[in-house]
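K.L.:
Sequence:
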Amino acid sequence: MKLYALSAVSVLVAVAATGCSPVANVDSAPDAANPDCASVMVALPDEMAGYQLRDTDSQSTAAWGNPSKAILKCGVPAPGPTTDPCAEVNGIDWILREGEDTWTATTFGREPAVEVMFDPNEVASSEVLVQLENAVSNIESTRQCLSPADTLELDSQAG
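The numbering used here puts the first residue of the sequence shown at 33, with every later residue one more than the last.
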């Protein structure tokens, strides 16, 4: 009887172990220990575009999918003025940088900044940015993106 119970436990452990994703190796950001990152991390979605959140080996990082389809880092340097495209999604401003295989979206006007890298062929940018709204909104917005039209309006009012 004891042998049977031990075998059943061994099978359950083996099944549980094969269902787990390996820990994702992600380098942490310079300001990962910022307390505001903790409020972001606890509010992250368990699923991103159908991919499950998995464990990472660094503070204030997250990864979805195995292999990773989206990787998040909190505590990256806040971007300054830029000519890169900026998109406002549900009250969150994001600086978008499109690469060949990977896109990067970094919050604008929030310190610490949050960066998410993803494969646009696997995960739609609109889905990523919408799903991160609740988590990222835990960091207060202090600035907004301006478009060239906003700048021209400001200049014409000054004269």
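Just so you know, these hints were derived from the structure itself, not from any lab.
No residue lacks a Cβ here, since even glycine has one placed at the ideal position from N, Cα and C.
Don't take every hint at face value.
Okay, derived cross-link-like pairs now, DMTMM-like style, lysine to aspartate or glutamate, Cα gap no bigger than 25 Å in a straight line [stated by the list, open to error]:
| id | residue 1 | residue 2 |
| --- | --- | --- |
| 1 | Lys101 | Glu154 |
| 2 | Lys101 | Glu120 |
| 3 | Lys101 | Asp87 |
| 4 | Lys101 | Glu159 |
| 5 | Lys101 | Asp89 |
| 6 | Lys101 | Asp151 |
Pairwise CB distance ranges (calculated) [stated by the list, open to error]:
| id | residue 1 | residue 2 | range |
| --- | --- | --- | --- |
| 7 | Pro113 | Asp89 | 26 to 36 Å |
| 8 | Pro109 | Asp89 | 16 to 26 Å |
| 9 | Leu128 | Pro99 | 21 to 31 Å |
K.L.:
At the C-beta level, are Leu128 and Pro99 separated by a distance inside 21 to 31 Å?
P.N.:
The hinted range 21 to 31 Å holds for Leu128 and Pro99, with Cβ atoms some 23 Å apart.
K.L.:
Mind checking the alpha carbons of Lys101 and Asp89 for me, to see if they're no more than 25 Å apart?
P.N.:
The hint holds at about 17 Å.
K.L.:
Run the distance test for Lys101 versus Asp87: straight-line Cα separation, threshold 25 Å.
P.N.:
Given that 25 Å is the threshold and the Cα spacing comes to 14 Å, the pair holds.
K.L.:
Holds or violated: Lys101 with Glu120, Cα cutoff 25 Å?
P.N.:
Holds, because 22 Å separates the two Cα atoms, which is no more than 25 Å.
K.L.:
Just to be careful, I want the Cα atoms of Lys101 and Asp151 compared with a cutoff of 25 Å; is the pair within it?
P.N.:
6 Å, holds
K.L.:
Does Lys101 pair with Glu159 here, judged by a C-alpha cut-off of 25 Å?
P.N.:
Holds - the C-alpha atoms of Glu159 and Lys101 are around 13 Å apart, at most 25 Å.
K.L.:
Quick one, are Lys101 and Glu154 close enough, alpha carbons at most 25 Å?
P.N.:
7 Å, holds
K.L.:
Could one say that the CB atoms of Pro109 and Asp89 fall in the range 16 to 26 Å?
P.N.:
22 Å, holds
K.L.:
A range of 26 to 36 Å was offered for this pair. Does it hold for the Cβ distance of Pro113 and Asp89?
P.N.:
34 Å, holds
This entry satisfies every hint, going by the numbered hints stated previously.
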